[in-house]
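Chemist: Chains as they are written, first to last, in this note's numbering: chain A, 34 to 225; chain B, 34 to 225.
Hint data in this document are derived by calculation from the structure and do not stem from the laboratory. Computed from a prediction, not measured in an experiment: that's the story for all the values here. Watch out, some of these pointers could steer you wrong.
Identical copies carry no separate label here, and so any pair may be met within one copy or between two of them.
[To be verified] Cut-off 30 Å, straight-line C-alpha distance, at most; resulting in silico cross-link-like pairs (DSS-like, lysine-lysine):
hint: 1; residue 1: Lys190; residue 2: Lys100
hint: 2; residue 1: Lys150; residue 2: Lys100
hint: 3; residue 1: Lys64; residue 2: Lys100
hint: 4; residue 1: Lys38; residue 2: Lys214
hint: 5; residue 1: Lys160; residue 2: Lys85
hint: 6; residue 1: Lys100; residue 2: Lys160
hint: 7; residue 1: Lys160; residue 2: Lys136
hint: 8; residue 1: Lys160; residue 2: Lys127
hint: 9; residue 1: Lys85; residue 2: Lys214
hint: 10; residue 1: Lys190; residue 2: Lys150
hint: 11; residue 1: Lys160; residue 2: Lys86
hint: 12; residue 1: Lys203; residue 2: Lys86
hint: 13; residue 1: Lys38; residue 2: Lys203
hint: 14; residue 1: Lys150; residue 2: Lys86
hint: 15; residue 1: Lys86; residue 2: Lys217
hint: 16; residue 1: Lys214; residue 2: Lys100
hint: 17; residue 1: Lys203; residue 2: Lys190
hint: 18; residue 1: Lys100; residue 2: Lys217
hint: 19; residue 1: Lys64; residue 2: Lys136
hint: 20; residue 1: Lys127; residue 2: Lys190
hint: 21; residue 1: Lys150; residue 2: Lys85
hint: 22; residue 1: Lys85; residue 2: Lys190
Listed below, chain by chain, are the residues.
2 protein chains.
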Amino acid sequence: MSSVKDILIEMKNLSELMVDLAYSSVLFQNKEAAEEVLNLEDRVNSLNYEIKKQSLLASRSVEDAEKLTVLLEVAEAAETIGNAAKDLADLSIKGFEPHPVFKMVMEDSETNIYRMKIESGSDLINKSLGNILLSNRTGMRVISIRRDLTWIYGPNKDTIILEGDVLIVKGTEAGYDILNKLAKNEITLDEI
Amino acid sequence: MSSVKDILIEMKNLSELMVDLAYSSVLFQNKEAAEEVLNLEDRVNSLNYEIKKQSLLASRSVEDAEKLTVLLEVAEAAETIGNAAKDLADLSIKGFEPHPVFKMVMEDSETNIYRMKIESGSDLINKSLGNILLSNRTGMRVISIRRDLTWIYGPNKDTIILEGDVLIVKGTEAGYDILNKLAKNEITLDEI
Numbered sequence: 034m035s036s037v038k039d040i041l042i043e044m045k046n047l048s049e050l051m052v053d054l055a056y057s058s059v060l061f062q063n064k065e066a067a068e069e070v071l072n073l074e075d076r077v078n079s080l081n082y083e084i085k086k087q088s089l090l091a092s093r094s095v096e097d098a099e100k101l102t103v104l105l106e107v108a109e110a111a112e113t114i115g116n117a118a119k120d121l122a123d124l125s126i127k128g129f130e131p132h133p134v135f136k137m138v139m140e141d142s143e144t145n146i147y148r149m150k151i152e153s154g155s156d157l158i159n160k161s162l163g164n165i166l167l168s169n170r171t172g173m174r175v176i177s178i179r180r181d182l183t184w185i186y187g188p189n190k191d192t193i194i195l196e197g198d199v200l201i202v203k204g205t206e207a208g209y210d211i212l213n214k215l216a217k218n219e220i221t222l223d224e225i
Numbered sequence: 034m035s036s037v038k039d040i041l042i043e044m045k046n047l048s049e050l051m052v053d054l055a056y057s058s059v060l061f062q063n064k065e066a067a068e069e070v071l072n073l074e075d076r077v078n079s080l081n082y083e084i085k086k087q088s089l090l091a092s093r094s095v096e097d098a099e100k101l102t103v104l105l106e107v108a109e110a111a112e113t114i115g116n117a118a119k120d121l122a123d124l125s126i127k128g129f130e131p132h133p134v135f136k137m138v139m140e141d142s143e144t145n146i147y148r149m150k151i152e153s154g155s156d157l158i159n160k161s162l163g164n165i166l167l168s169n170r171t172g173m174r175v176i177s178i179r180r181d182l183t184w185i186y187g188p189n190k191d192t193i194i195l196e197g198d199v200l201i202v203k204g205t206e207a208g209y210d211i212l213n214k215l216a217k218n219e220i221t222l223d224e225i
């Protein structure tokens with residue numbers, strides 16, 4: 034049952050992250066964000082499959098079935114939301130001639146979503162988010178971390194950054210420039 | 034064109050807020066959150082209608098039409114996301130016997146979404162969010178404000194609270210209790 038709970042929470046977090054990334058992918062013609070949505074799409078589908086399987090296995094009575102139905106409906110909604118996000122990301126991947134309104138949206142918004150990989154030797158490696166105070170130093174907020182095939186949604190101050198992590202961050206272009214240099218081991222924390 | 038831009042940004046914000054509220058409505062059996070989703074559903078539908086109308090009026094050539102198509106697809110995705118959120122909220126309004134997993138999800142989560150109306154005489158009236166430092170005092174974050182028939186999404190430190198505003202806030206139950214007393218004019222800011 035604990036695994037069903039974890040799946041449910043992950044589907045919620047996943048679908049919310051996908052929506053966030055998908056809007057950025059189209060409104061800011063952000064292909065990195067679009068690619069992450071496609072990565073997450075596979076995950077949301079396989080979680081939905083898993084929750085269906087577990088629910089069917091756990092269903093022993095009419096009461097069980099009624100209670101489990103609501104779980105399946107939540108999972109279904111998460112997949113629907115994820116699919117809508119994927120449709121937006123597909124537009125961005127395919128490429129389109131942007132309407133001038135998109136330029137206006139970008140000018141109105143101070144922040145965008147960025148992706149960066151933590152390269153060997155980076156000063157961020159083995160430090161916790163709380164320890165390096167990224168949002169104080171650079172104004173950037175880490176919204177998720179992709180680590181090999183797993184995701185950390187909404188990392189907190191105790192989350193440790195490892196070499197090879199892919200950070201999905203939100204903030205200004207100036208903040209991104211600094212953070213990207215840190216990730217690429219071009220500057221150290223003491224230099225900012 | 035500026036109005037199309039505003040509609041687009043509002044649809045994005047609306048659909049994200051609906052998803053946030055909808056998950057809370059089901060996972061925490063939160064009927065207040067469900068009711069707000071239903072309020073927002075009307076708005077997202079009427080904005081989608083408006084953006085379609087404006088796009089058709091603005092389309093003068095094949096190039097126009099191609100560029101406008103992407104706008105319509107974004108609006109369509111926002112409506113799809115909103116509809117998925119509404120399906121979840123409907124479950125919560127209708128009521129259901131919760132699966133034990135929901136209890137586990139609630140125990141895992143420290144925060145919930147709450148709604149409160151700013152009553153006459155409240156110490157919060159005519160003060161800005163920055164001025165009263167709610168998140169420092171109570172740990173509560175205002176995620177949106179409903180003011181008569183309009184919504185303020187992602188209010189910032191300069192947003193002034195008015196009498197009659199309905200605040201949608203996220204945080205702990207303890208934080209909510211304090212904030213609710215402030216809203217109901219049962220305590221003043223000096224007392225917390």
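Chemist: If a hint holds in the structure, say so; if it doesn't, say that too.
Modeler: Do the hints match the structure? See the list:
1. Lys190 / Lys100: neither (36 Å within a copy, 42 Å between copies)
2. Lys150 / Lys100: neither (42 Å within a copy, 33 Å between copies)
3. Lys64 / Lys100: between (40 Å within a copy, 18 Å between copies)
4. Lys38 / Lys214: neither (38 Å within a copy, 34 Å between copies)
5. Lys160 / Lys85: neither (38 Å within a copy, 49 Å between copies)
6. Lys100 / Lys160: Answer is neither: 43 Å inside a copy and 45 Å across each miss the 30 Å cutoff.
7. Lys160 / Lys136: Neither way: Lys160 and Lys136 sit 37 Å apart in one copy and 34 Å across, limit 30 Å.
8. Lys160 / Lys127: Neither: 38 Å inside a copy, 47 Å across copies.
9. Lys85 / Lys214: Neither way: Lys85 and Lys214 sit 44 Å apart in one copy and 43 Å across, limit 30 Å.
10. Lys190 / Lys150: within (19 Å within a copy, 33 Å between copies)
11. Lys160 / Lys86: neither (39 Å within a copy, 52 Å between copies)
12. Lys203 / Lys86: Neither. Shortest intra-copy (35 Å) and inter-copy (33 Å) distances fail the 30 Å Cα cut-off.
13. Lys38 / Lys203: Both, since 28 Å and 21 Å are each at most 30 Å.
14. Lys150 / Lys86: For Lys150 and Lys86, neither the intra-copy (35 Å) nor the inter-copy (43 Å) Cα distance is at most 30 Å.
15. Lys86 / Lys217: Classified as neither; 42 Å inside a copy, 47 Å across copies.
16. Lys214 / Lys100: Answer is neither; intra-copy 50 Å and inter-copy 36 Å both fail.
17. Lys203 / Lys190: both (16 Å within a copy, 19 Å between copies)
18. Lys100 / Lys217: neither (49 Å within a copy, 37 Å between copies)
19. Lys64 / Lys136: Within one copy, since 16 Å is at most 30 Å while 39 Å is not.
20. Lys127 / Lys190: Neither way: Lys127 and Lys190 sit 37 Å apart in one copy and 39 Å across, limit 30 Å.
21. Lys150 / Lys85: Cα proximity of Lys150 and Lys85: none, with 34 Å in one copy and 40 Å across.
22. Lys85 / Lys190: Classified as neither; 34 Å inside a copy, 44 Å across copies.
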